[in-house]
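Colleague: Sequence:
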Amino acid sequence: MVRVIVRADDIIGPGLVALADWFETYHPDVPCAAFAMETQRAWDRRSWQRARTMIEEYGWELGGHTRSHPKLSLLSEAEIRAAIERNVEDIERGLRSAGLEYSVASFAYPCGDFDERVVSILDELGLGCGLTYPDGFPYSSVDTIPDGADQLQWGVTHNGKFGTAVWNQRFDRVCERRDGLYVLCIHPGRWATSVLGTVTTYLDHELPVIVVAKSLARGLLQRRESKWDVLDEHLRYVKRADDVEFTTFRDCVEAPREA
1 MVRVIVRADD IIGPGLVALA DWFETYHPDV PCAAFAMETQ RAWDRRSWQR
51 ARTMIEEYGW ELGGHTRSHP KLSLLSEAEI RAAIERNVED IERGLRSAGL
101 EYSVASFAYP CGDFDERVVS ILDELGLGCG LTYPDGFPYS SVDTIPDGAD
151 QLQWGVTHNG KFGTAVWNQR FDRVCERRDG LYVLCIHPGR WATSVLGTVT
201 TYLDHELPVI VVAKSLARGL LQRRESKWDV LDEHLRYVKR ADDVEFTTFR
251 DCVEAPREA
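The sequence shown runs 1 to 259 under the UniProt record's numbering.
The hints are simulated quantities; they were obtained by calculation from the structure and are not laboratory data.
Heads up, some of the hints might be wrong.
Stated by the list, open to error - Pairwise CB distance ranges (calculated):
| no. | residue 1 | residue 2 | range |
| --- | --- | --- | --- |
| 1 | R177 | K239 | 15 to 23 Å |
| 2 | E24 | A241 | 18 to 26 Å |
| 3 | Q40 | E101 | 14 to 22 Å |
| 4 | S76 | M1 | 40 to 48 Å |
| 5 | S76 | A165 | 40 to 48 Å |
| 6 | E101 | E24 | 17 to 25 Å |
Unchecked claim - Restricting the straight-line Cα-Cα distance to at most 20 Å, the calculated cross-link-like pairs of lysine to aspartate or glutamate (EDC-like) are:
| no. | residue 1 | residue 2 |
| --- | --- | --- |
| 7 | K71 | D135 |
| 8 | K239 | E24 |
| 9 | K161 | D143 |
| 10 | K239 | D179 |
| 11 | K71 | E85 |
| 12 | K161 | D172 |
A virtual CB, placed ideally from N, CA and C, is assigned to each residue, including glycine.
Kindly generate the complete structure, drawing on both the sequences and the hints.
Modeller: See below:
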């Protein structure tokens, strides 16, 4: 069996709603592991309610990613702890306000950056999965489910760059293994289809101007290739493979801590 995890990083409230809309329309049978940032200001009641729906009805996972996306290895131990704890508390409180008791089980290191202190603090806080990324150091790819302490240093199999052919090739390599794991990491917040659409969506949520401006700047720097189409084609390709199971990090590890 090949287990497949779709990991979505840098998710803020309006982005979660847009991501949920897309998956509900095109791939409702694929759970997504979304990693939330700017949780102290860029999420509203609608966002938390939608997150609850996706968790309860579609098997999604919502993990931590800090409030402000700092490189954690550059912070003091106290700052690292605060960055992780506050983000996790925001998520659990936000979901509780939407009527869901939920314990965050996973945390994606901003820019994939971590060191021994970061891993130790994550372990102390009872978070079962720590996720890195190609920009981070140390970094390793992943094609099987890690064991023990290695679960605090999960890499990705593919970083969501290039076109459909590359995505499919990365998946095919994992299929050559028995009991393989394929982790696709995407940044859908950078896939804005239009400037007007981005601004309108974010202003509808009455977010601070700085949040809107940062998201708009990220979108303007991206190529206009439709990554949504690439993702759609790729997921259809994955589904045609034999013995594939879509899952989340949360479902791959032991039971999470109590909220």
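Colleague: So, for every hint listed, does it hold in this structure?
Modeller: Do the hints match the structure? See the list:
{"no.": "1", "hint": "R177 / K239: 15 to 23 Å", "verdict": "19 Å, holds"}
{"no.": "2", "hint": "E24 / A241: 18 to 26 Å", "verdict": "23 Å, holds"}
{"no.": "3", "hint": "Q40 / E101: 14 to 22 Å", "verdict": "20 Å, holds"}
{"no.": "4", "hint": "S76 / M1: 40 to 48 Å", "verdict": "43 Å, holds"}
{"no.": "5", "hint": "S76 / A165: 40 to 48 Å", "verdict": "44 Å, holds"}
{"no.": "6", "hint": "E101 / E24: 17 to 25 Å", "verdict": "24 Å, holds"}
{"no.": "7", "hint": "K71 / D135", "verdict": "11 Å, holds"}
{"no.": "8", "hint": "K239 / E24", "verdict": "16 Å, holds"}
{"no.": "9", "hint": "K161 / D143", "verdict": "18 Å, holds"}
{"no.": "10", "hint": "K239 / D179", "verdict": "16 Å, holds"}
{"no.": "11", "hint": "K71 / E85", "verdict": "15 Å, holds"}
{"no.": "12", "hint": "K161 / D172", "verdict": "16 Å, holds"}
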